[in-house]
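K.L.:
With these hints in hand, go ahead and build the complete structure from the sequences.
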Amino acid sequence: MDKLLVSSVHPASAKQQLANYLQVPKPLISEIWLVTLITTQVYTLLKAAQSQILS
1 MDKLLVSSVH PASAKQQLAN YLQVPKPLIS EIWLVTLITT QVYTLLKAAQ SQILS
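Reminder that position 51 of the sequence shown reads as 51 in our numbering, one-by-one numbering, no gaps.
Since the hints were derived computationally from the structure, they do not count as laboratory data.
One or more of the hints may lead you astray.
What the hints assert, rightly or not - Beta-carbon label-pair distances, calculated as ranges:
(1) I53 - A19: 29 to 39 Å
(2) S51 - E31: 55 to 65 Å
(3) A49 - A19: 42 to 52 Å
(4) Q41 - Q16: 57 to 67 Å
(5) L54 - L34: 47 to 57 Å
(6) K15 - S51: 45 to 55 Å
(7) K15 - Q52: 53 to 63 Å
(8) S51 - Q17: 42 to 52 Å
(9) L28 - S55: 37 to 47 Å
(10) I53 - L18: 47 to 57 Å
(11) S55 - V35: 22 to 32 Å
(12) Q23 - A48: 33 to 43 Å
A virtual CB, placed ideally from N, CA and C, is assigned to each residue, including glycine.
P.N.:
Printed below as a string of structure tokens:
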């Protein structure tokens with residue numbers, strides 16, 4: 001993202017590139033959130049299983 005913004009000299013161009021950049025990752029944000037949620041649940045399950053095995 002830094003390269004994208006630095007490479008544009010014209011303010012309107014920078015604004016347009018930023019708008020384009022912000023539009024692209026929206027589905028990605030929900031995917032990242034979903035992966036994080038699943039990972040957290042799996043980690044919690046593993047920790048619970050581990051504590052049962054050790055006890």
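K.L.:
If a hint holds in the structure, say so; if it does not, say that too.
P.N.:
Each hint, compared with the structure:
| no. | hint | in the structure |
| --- | --- | --- |
| 1 | I53 - A19: 29 to 39 Å | 52 Å, violated |
| 2 | S51 - E31: 55 to 65 Å | 31 Å, violated |
| 3 | A49 - A19: 42 to 52 Å | 46 Å, holds |
| 4 | Q41 - Q16: 57 to 67 Å | 40 Å, violated |
| 5 | L54 - L34: 47 to 57 Å | 30 Å, violated |
| 6 | K15 - S51: 45 to 55 Å | 52 Å, holds |
| 7 | K15 - Q52: 53 to 63 Å | 55 Å, holds |
| 8 | S51 - Q17: 42 to 52 Å | 50 Å, holds |
| 9 | L28 - S55: 37 to 47 Å | 40 Å, holds |
| 10 | I53 - L18: 47 to 57 Å | 50 Å, holds |
| 11 | S55 - V35: 22 to 32 Å | 30 Å, holds |
| 12 | Q23 - A48: 33 to 43 Å | 40 Å, holds |
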